[in-house]
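Colleague: In case you want the letters, here they are:
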Amino acid sequence: MNILSLFVLIPALMLLGLWVARNVNQVRGVMVTGSSLLLVLSIWLCYFFVSERSAGNTDEMLLVASTPWFEPLNIAYSVGVDGISVVMLLLSSIIVFTGTFASWQLKPMTKEYFLWFTLLSTGVYGFFICTDMFTMFMFYEVALIPMYLLIGVWGSGRKEYSAMKLTLMLMGGSALLILGILGIYYFSGHTTMNVNEIAAMHNIDPDIQNVFFPFIFIGFGVLGALFPFHTWSPDGHASAPTAVSMLHAGVLMKLGGYGCFRIAMYLLPDAAQDLSWIFLILTTISVVYGALSACVQTDLKYINAYSSVSHCGLVLFALLMMSQTAVTGAILQMLSHGLMTALFFALIGMIYGRTHTRDIRELAGLMKIMPFLAVGYVIAGLANLGLPGFSGFIAEMTIFVGSFGAKPLAGDPDTSFRMVATIIACMSIVVTAVYILRVVGKILYGEVENKHYLELTDATWDERFAVVCLIFCVAGLGVCPFLFSDMISPAAGNILRSIGVM
Amino acid sequence: MNYSQFLNMIPEATLMLALVLVFFADFALYKSERKTFVLGVLTGALLLCQLVPCFLAEPATAFGGMYVSSPIVNVMKTILTLGTFIVVVMSQKWMASNTKLSGEFYMLVLSTLLGMYMMMSAGHFLLFFLGLEMASVPMACLVAFDRYKKKSAEAAAKYILTATFSSGVMLYGISFLYGAVGTLYFDDMAASIELTPLTIMGMVFFFSGLGFKISLVPFHFWTADTYEGAPTPITGYLSVVSKGAATLTLAIILMHVFGRLVEYWEPLLWIVIMLTITVGNLFAIRQTELKRFMAFSSISQAGYIMLAVIGNSAQSLTALTFYVLVYVAANMAVFTVISAVEESNGGRTDMAAYNGLYATNPKLSLLMTLALFSLAGIPPFAGMFSKFFVFMAAVGGHESAPFWPYFVVFIALINTVVSLYYYLLIVKAMYITKTEEPLPTFKNGAAINWSLAICTIGILLFGVCSCIYEWIDKAAVAL
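Line by line, the protein sequences are chains A and B. The letter at position 486 of the first sequence is residue 493 when you use my numbering, and the numbering goes up by one with no holes. The letter at position 102 of the second sequence is residue 627 when you use my numbering, and the numbering goes up by one with no holes.
Don't take each hint at face value.
Unchecked claim - Where chain A lies over chain B, by a calculated footprint (3+ residues, C-beta under 8 Å):
# : stretch
1 : 556-566
2 : 899-911
3 : 943-957
4 : 990-997
Said to hold, decoys possible - Interface residues of chain B toward chain A, partial, derived using beta-carbon atoms under 10 Å:
#  : residue
5  : Leu633
6  : Gln840
7  : Thr843
8  : Pro887
9  : Met917
10 : Ala919
11 : Val920
12 : Gly921
13 : Pro927
14 : Trp929
15 : Val1002
It is worth saying that the hints were derived from the structure and are not from the lab. These numbers come from a predicted model, not from an experiment. Beta carbons are placed, not taken as given, at the ideal position from N, Cα and C, and that holds for glycine.
Here chain B stands alone, though its shape is the one from the complex (with noise of 0.2 Å):
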């Protein structure tokens, strides 16, 4: 064996370095009174120096196309790392109450991370399924942290069914077409995939298992009660980092693998966007905690992200890229805003504690504003450009039979204006509605204001630059 193919894989190795250094460094501080915050420093500084790997990264293959890393999955590599770099940031002050398991923390959040990576740059389905298992099974244990909650173990035993169910449909799934193809191989599958009933019904029980993970309607009935249970940077995590991994692996596979069934996934695709979009909005409308609102509405967020692959084109990729950074900043902006709320009044997370927040905390309010606003996509902050570049992929592409994708467009432009509603009402609930007891004017810590600092100079930078859109362009195209 060619041990030199190894150093084909950096950004993996390098996170696995890190990954060794947190669990030593857990060892080392023992007993120390800081650990937790030396820990969490140590973390936040390897995932930053783990951006840069993951930025030089050349495209390359190793283990004869079993690992195949390409320039989008390097791109999404760098995304998803300052999103988990966000994610140690903001969880700090929480951290402070579970010092006692801080090393295990740090280290289960970086060995999802790994497990994305390597779900992302699978070249076959063996090592794709095992990065996916890596991610989740970790995730598991994240969920329950908050150990004497018993939403928390609830919300984690709900999801760790679910990810074994899906987990189980999608091999189902991958068995079939192994069957019907006879590889495993990404690249010789796509190049022999014929039109049989064994590969429809493989590839939709793999889409079914994907679904699950990305929630998409109507497969997402754990999102909201893990949400609401699991502790709020790890919500942060699920719904961001997770979801992106998960949603680029899936637009890579149907158009690169599946590309020959593209008549087939493509009406799939459409009424499980629609619905995606829909359902998620209509029951963000009703809810007052704002950890299951954020549910709902990461889960229409989910369909507009997937809403870019029904393209099918290097455009559709780079707009589910740029969705998913900008995704990042606003949706991690608001989890830290919930995070510092929760952490300082006595863990409220119902949307009744935002009235009248605008007069205590203006600075927090203004900041929840900017980000709620772009999730609504309002210009000029970063989501209206993602918004209308997802728009602009899905009708892109089709010149045959523009209808279709055109009529899916208009029902997520509609849910826009659902969505906007549903965020205006916390919005209102900070600026507008009068309260006998508004929340006390609070302290954030460093770490809260540091996270919120990053968060909000990419709301406001992100769409405005159209350097960062060329770079994904860039690397998108040369697929």
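Only chain A is shown next, with the shape it has when bound in the complex (with noise of 0.2 Å):
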């Protein structure tokens, strides 16, 4: 059996062991073991990664497998990894890992809280590491429908309206994605639906990828928050309990930004190239849209969210430039992001958990009351408005320069547009640093208003491992980041090849 496959069968066994325990503890038993065995399971597979490229093995993807699944509509379930997919395993599982330890209080209905949230866990690891586009997509959905109850029920204030927007939303755009898959199955020669071959292939004619791309480039834009598609997000992850926020903000989102990537441009390259300006025309909307957004909302989680919209947008942002660097660059800022919000939102959640109110004008001088609790938003704000050591710098940096760099494409000879684009986005960071800074003042500093609050106590033990495991996460990134650039850069340049832009 294919090592891969243990990314969908560990969570497999977790549901069946949830489905069996009989009490909270048996259910915290087999959270904490699957999600540990997965943390090394990934951990395991960049070593082996690593060693592998250092030995000369330049194959694109590692760990091929594939079996014949439904033969007569030539779908199968292929697994395959490269640097890409391998540093958004390492993310997911962190998430997950540190998602069970921020989750571990919660109640009502525990066992069934965890349930939905090990589904959602196994249809993120399955998109991963599949590289059949039925399969994928399957996984996929897998991922999006357990937030409906994850919301729904465990959620807090207007979750019913939140769940039910984010649920038709995403599956608004996963219907787009139906259509583009079959474009692409159809139009290559309805022989596979591998991905890998059919980029191998690069059959399909340019006027039909232009018909194509965006249904795919919409479809999975639309998790990734892709300017106007993106107003499921910030009611989604205000709703959101903690945990859902952490895997939500930190992993799912990733989902679209790498299909994007892996399905959109790699498939319909000659589209990717002529349509790009549109869609960069969108993403910079985001970027600034969502920074200028975030700072005029009064609620943490809806700051964090905004936030969000503008880092994913990034990231999508960075995809559609086409360089190299700028494209690492992309898949460092999902890392980066995945981290860094998952830390915001357990912070936020913990918060809110112990003053119920998570409007910044009610809330000041934190730092005297819960002081493990401030130091550590205090972390999450300046690695995510960019301070060097930290993820974001190296994330941010890398995709400017890339971007400002970029060559010029087919279908848009001249980079004066996508330099002004990079101008345009850069400017969110000097947004950024000042809603992040606005909130740590307010909040963090000054006196205490509400005298209920100083009998207030900080973080628990579980909190701390959840928040010290993340901001390691973070830190390390940021001062390591050739750990994960290497793996990135070429599985990057695969891609760009293939496209037609290197």
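Hints given; two lone chains; assemble the complex.
Modeller: Pasting the structure below:
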């Protein structure tokens, strides 16, 4: 059996274990065992990948395997990883691991909560290991639907509205995706659903590509918070329980960027070059609009949700630049944003669990009351606004350098348009600093206004553990980015060569 | 006459035998206290045995091409027999309050099934018509089975009136075709049908007649009232088994008999399908009565089933049959839950009854959720596979004019989002909506549990196990 299949098998066994679990402690036991196994597995995978590469293995994908599934339709269960999927798997397991600890105390219906949570993570892992369009799509949808119940049942605020809005918008996106997948399959000669084989054939008529590219790019773009399809994101994040926000912003939104790159751009290369300008405009709007919107919000979760829109917009923005540096930056940004946002949402959840409000107008002086959480929040904030030494700086720097120096494309021979777009997008850095520092200054420092808060306690052990893990990862990525960029860059190069821009 | 020809009709013959057995058993148990139970078990067992001849049946013809049993038809017979089996199992609890007429109930069910067999295996319009009537007249009795409920009688009246009217329209169309072509054999007609106004008219009338049975828009008006009034197991039977038989027959006739007129029936089908899916969905959103809700949902599902046909290839038949199989499991699960709730709570089928159901009946709610997710096309449940394959079949096989099929599929895809919305409304009622008085915890009884277990296994496995799709595909390609 292929080792990658463990990424689906372990969650499946976890589902089984949760199903038979009798009490909360057994549920926690299953979750901790399973998610640590996955974490170990993904770290081992990184190690294996690096050592294979340094041993001179230059295959596009490693650990490739394929089993026919629906033979008459050329659907197969094919797996394989390149540098991009390896780091995405690592990110997912870190978030699932810390998410488990962040929802340690969750009530009621703990068992059901973790059942849906695990189903969601099954979808995420499956999506990253698969290389068959149908199977990828299947896992993609598996990852989406548990969201409805996770937000609807365990959420807060306008949870029913948000859950429905999120589910319907994302499913609308996947409806577009089905059409795109069918188009790619039939117009590439309906012989295979395998992503790599279709890319190698490169036989779809450019006009047809232009028809189907928007379907797939928007289909995944909805999940990647592409303007104007991002509106599910703030409501969804604000209503979701802590761990779900973490998983959603941390991993699920990455499915969007990954899909845009791996399916839309990789399989429809001519259209990607022809039409990138339209989506560049949209993503530039995402970046700036998201940051500006974050400035006027008063709910902590809304602020971070809009900040996510801005940062995920930056991912799509960099992918569309189609230069090796920018794409590497985009993947680093996915990692970095995933970790930072998870950290942010974890901290917000912990603060909310104590103060029962997320309104920044009512919070002040938390540094005196809960120093651990407050310091964590400052670190997350500084990482988010791009302080050197943390992951945000690395990712954004790589993106902007790569974008500014992007080479001419077939559909856009003059690079000045993209330089202007880069300059506009750069402005978001300043705006980010504004909304981060505003929040940090307002809620952490100053006099404690509400005397009841003085009785609140600092973080418990499980919370501390989750926070420390995430801070460690954010700083690790900031200090040693080469560990990851060396894996990502060749993989990005392979795909860009296939697109024909390198 | 060569009587050995009857041996080519083994599935029909064994089903006939089962019918006779139930008839005599009914006599024998005339005064028995346990008549209903014994008859139910007997019918169920006979239907299970019936799966064997259907599954093993070889392709054969009889009576000079009157009767044609192709592999795909045998597959569909197997599926529909399974569906009928589930109906019989789930109706146990409801039958317990109708003991007097239980013999009639099972005989009527078996004879409608026999009619569907005939209809699907027809190679001649007369046998086809005979089968159709045999399937729909006993069905009217079944719809009226709740004798002391006004709604049931109303439903039956509506059903029988539309059924006879549509039969009339269809016969009118068939007579046109006979006048134009001079034969009623499918093969001969396929070979010699010409494009004339008369054949087009004949085809359209025929299509409308069957459209009534499948409840395609604009021939769907009877559906909601009939589904609401009929006893719940019969509503399930109508929405799944009867619909499955009619869609496969329509698909075979369109693709085979009217194969030469494909340019004319395809646009017709595009428009009807888009209307069916959209109208069914939009009306479903506003329903608060669960059986009416399922009626509109099943109208739109019928559109998805027919969507496969626009691909006009063997793959279409596979996708259609597979969809019906998955639909049997998912829809029967929903109707079983409706029936369970209805029987245990004094006949409540309104959506408000489901508020907070998860708190009191978690297992039942979970199974209902799985079934609804499957209907909405959410993986890893079977519904997503069947929907995807239908879409694949619909756009496949069009090398020259690819735009329209993609457009129809696009409309269908948008509608999946709408349908997800209203299926989620029920999920929301069960899990999220708070209520002062949720239904009390109740016991389902063995029959309901069995029925739910079979359906759930289907929902979980039919999609993931590719062997089932490949089994159907082999049969469809062999046509």
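Colleague: Each of the hints needs a verdict: does it hold here or not?
Modeller: Hint-by-hint comparison with the structure:
1. 556-566: Since three or more residues must qualify, the claim that chain A covers the stretch 556-566 of chain B is violated, with 0 doing so at under 8 Å.
2. 899-911: holds (count 4)
3. 943-957: holds (count 7)
4. 990-997: holds (count 3)
5. Leu633: Violated - the Cβ of leucine 633(B) stays beyond 10 Å from chain A, reaching only about 38 Å at its closest.
6. Gln840: Holds, about 7 Å.
7. Thr843: Hint on threonine 843(B): holds, closest Cβ of chain A at ~7 Å, below 10 Å.
8. Pro887: With Cβ-Cβ at 8 Å, under 10 Å, it holds.
9. Met917: Nearest chain A Cβ about 6 Å off; hint holds.
10. Ala919: Constraint on alanine 919(B) satisfied, holds at 9 Å.
11. Val920: Holds - the Cβ of valine 920(B) comes within 10 Å of chain A, reaching about 5 Å at its closest.
12. Gly921: holds (6 Å)
13. Pro927: This hint holds: proline 927(B) lies near chain A, its Cβ roughly 8 Å from the closest one there, short of 10 Å.
14. Trp929: violated (13 Å)
15. Val1002: holds (8 Å)
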